[in-house]
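Asks: Sequence:
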Amino acid sequence: MRLASTGTIIHGVAVGEVLGVSTLAGARLIAGERGLDRIVQRLNVMEVPDVLAWVKPNELLLTTGYPLRNTPQSLGRLVADLDERGLAALAIKLGRYLDELPEEMVEQADRLGFPLIQLPDDVGFDDILNQVLTDILNRQAAVLARAEEAHRALVQVVLAGGGLREVTAEVAGLLGVAVAVLDGTGQVLAAAGPAEHLTALRGDAEDRRTSVPVVAGGHHHGRIVACGPVGSIGDSDIGILERAATVAALVVTRQEAVNAVESKYRADFLRDVLTGRAGGSERVASRAKAFGWDLQRPVTVLVAELDPEGDERIAQDRLVACWTAAMRRHDPRGAVAGFSHEVVTVVDASVDAGRLAKDAAAAFAECLPATFSTGASRTAVGAEALPEAYGQALKAARVGRQLHGHGAVAHFDQLGVYRLLSLVNDTAELHAFVRETLGPLASDDDAENADLRRTLQVLLETNLNVAETARRLHFHYNTLRYRIGKLERMLGGFTEDAHLRLNLTLALHVLRMRGI
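In full-length UniProt numbering, the protein residues as written are 1 to 516.
Misleading hints may appear alongside valid ones.
[As the list claims (entries may be wrong)] Here are the simulated lysine to any residue pairs, SDA-like style, with alpha carbons at most 20 angstroms apart:
id : residue 1 : residue 2
1  : K486      : A498
2  : K486      : L508
3  : K56       : F125
4  : K289      : A349
5  : K93       : G26
6  : K93       : R77
7  : K264      : R283
8  : K289      : G382
9  : K486      : E429
10 : K56       : G20
11 : K358      : D348
12 : K289      : I314
13 : K264      : F339
14 : K264      : R277
15 : K486      : T505
16 : K264      : I314
It is worth saying that the hints were derived from the structure and are not from the lab.
Starting from the given sequences, assemble the full structure and let the hints guide the process.
Replies: This is the structure:
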């Protein structure tokens with residue numbers, strides 16, 4: 001029990017322990033045995049009638065009964081009032097002002113688990129105050145000294161270059177229990193301690209766990225958890241866990257800073273490789289090896305691009321983490337780097353790109369409601385081929401999203417006619433072709449034109465099968481014949497001209513790729 005709001009003393013001793021001090025050797029517990037584990041953090045003396053206005057939680061209240069001598073009828077209510085204010089116990093000297101306590105008061109104390117203690121006649125209040133307060137302060141000093149010693153040891157671990165693994169090992173050694181640091185998703189970052197407690201920590205033994213949040217810079221980085229036998233983690237141990245959480249936050253923020261710098265260098269280098277500015281093959285291979293990458297083998301370039309919704313900054317950070325974790329499982333020598341709103345991966349050509357993307361998407365979906373689309377390039381051999389492969393993967397991701405919606409996975413070679421259209425660099429020429437071919441149907445400004453374009457698209461998909469088109473569009477046969485006539489007046493006789501139908505089909509495909 002730690003109530004910092006009660007004052008500077010945040011540790012205390014149980015009522016049962018107070019009864020064991022030498023000055024209270026002759027004391028007798030009258031009632032409230034269930035409350036012997038109540039914590040005493042301070043002492044007070046009641047010798048005025050309005051003492052309730054001055055009492056505080058976790059106090060042991062001493063009295064001779066003098067203020068109560070003329071109002072014995074209020075004694076029954078006194079216990080409830082003191083319990084309501086969070087007092088630890090009431091100790092009273094009987095015989096001088098009060099011969100005995102009313103039965104109602106004793107019953108009330110037993111019912112509330114509020115200890116009533118009869119003090120020996122030959123012991124002065126000053127002796128009780130001195131001894132009990134000395135015990136409380138000694139307990140406080142011992143706890144603080146232990147926490148300070150633990151803090152020094154943990155700081156020394158960090159100064160020596162230790163990480164979360166060394167921090168958990170140090171805390172586990174100090175407390176004799178299993179200790180783990182978990183990230184925000186509950187994944188174990190580091191753990192140490194006795195094997196049986198580690199097993200319980202990873203299981204469902206909630207009653208054996210104690211956790212403290214790891215917070216730094218206003219950001220919640222996870223928590224540090226201790227697990228041991230039931231009741232083995234005491235108040236002072238929680239103080240050590242809090243110190244450990246502070247040190248863990250320091251380690252996490254330090255590692256984040258290091259990772260941010262390393263990630264920037266990796267991303268800058270990979271961007272240079274993918275844009276052809278990284279130098280010759282030997283230089284690229286040498287620098288890539290320093291990052292643990294192998295770019296000399298046949299590889300596939302994957303681009304995972306965030307779909308346009310959600311908090312992009314948070315989603316981008318998580319996207320990089322998920323792809324990095326997935327890459328470690330599928331190809332430890334592959335390259336991963338995060339750009340502005342995409343993650344680029346260079347993976348061995350033998351790796352199943354679809355399965356890799358699926359694993360990354362599964363991890364990403366567990367943390368965020370956002371989605372991403374993935375594009376895969378053709379196989380590339382050598383650093384010189386990577387810029388072209390990157391362009392292919394980027395186009396595949398964007399075309400795949402347009403064709404299949406958010407979360408699509410598309411390979412450049414599987415785009416069909418869209419692959420050919422995506423290779424046309426002059427988009428202005430493509431848009432001009434659409435306007436010339438579709439005329440007023442190229443615009444969405446008129447709802448009727450958009451509806452007619454839909455009719456044209458289904459007609460072309462069914463190879464001008466009027467009955468099937470009418471069924472798909474839920475039109476009457478004569479209504480569709482009227483629409484076909486209107487379309488031919490706008491576009492020309494496409495029902496008789498195969499070349500015109502091809503042009504119309506291509507123009508509709510370009511419209512589907514709008515924005516790419």
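Asks: Could you run down the list of hints and mark each one as holding or not?
Replies: Going down the list of hints, with the structure as the test:
1. K486 with A498: holds, 18 angstroms
2. K486 with L508: With Cα atoms ~18 angstroms apart, K486 and L508 stay inside 20 angstroms; holds.
3. K56 with F125: This hinted pair holds, its Cα atoms lying about 18 angstroms apart.
4. K289 with A349: holds, 18 angstroms
5. K93 with G26: holds, 12 angstroms
6. K93 with R77: Status holds; Cα separation ~19 angstroms.
7. K264 with R283: Given that 20 angstroms is the threshold and the Cα spacing comes to 19 angstroms, the pair holds.
8. K289 with G382: Given pair K289, G382 holds - Cα atoms ~14 angstroms apart, limit 20 angstroms.
9. K486 with E429: Violated, at about 27 angstroms.
10. K56 with G20: Distance ~23 angstroms between K56 and G20 Cα, so the pair is violated.
11. K358 with D348: Measuring from Cα to Cα gives roughly 17 angstroms; hence the hint holds.
12. K289 with I314: Given that 20 angstroms is the threshold and the Cα spacing comes to 30 angstroms, the pair is violated.
13. K264 with F339: Between K264 and F339 the Cα gap is close to 9 angstroms, so the pair holds against 20 angstroms.
14. K264 with R277: holds, 16 angstroms
15. K486 with T505: Distance of about 18 angstroms is within 20 angstroms: holds.
16. K264 with I314: holds, 17 angstroms
Hint compliance for this structure: hints 9, 10, 12 are broken, all remaining hints hold.
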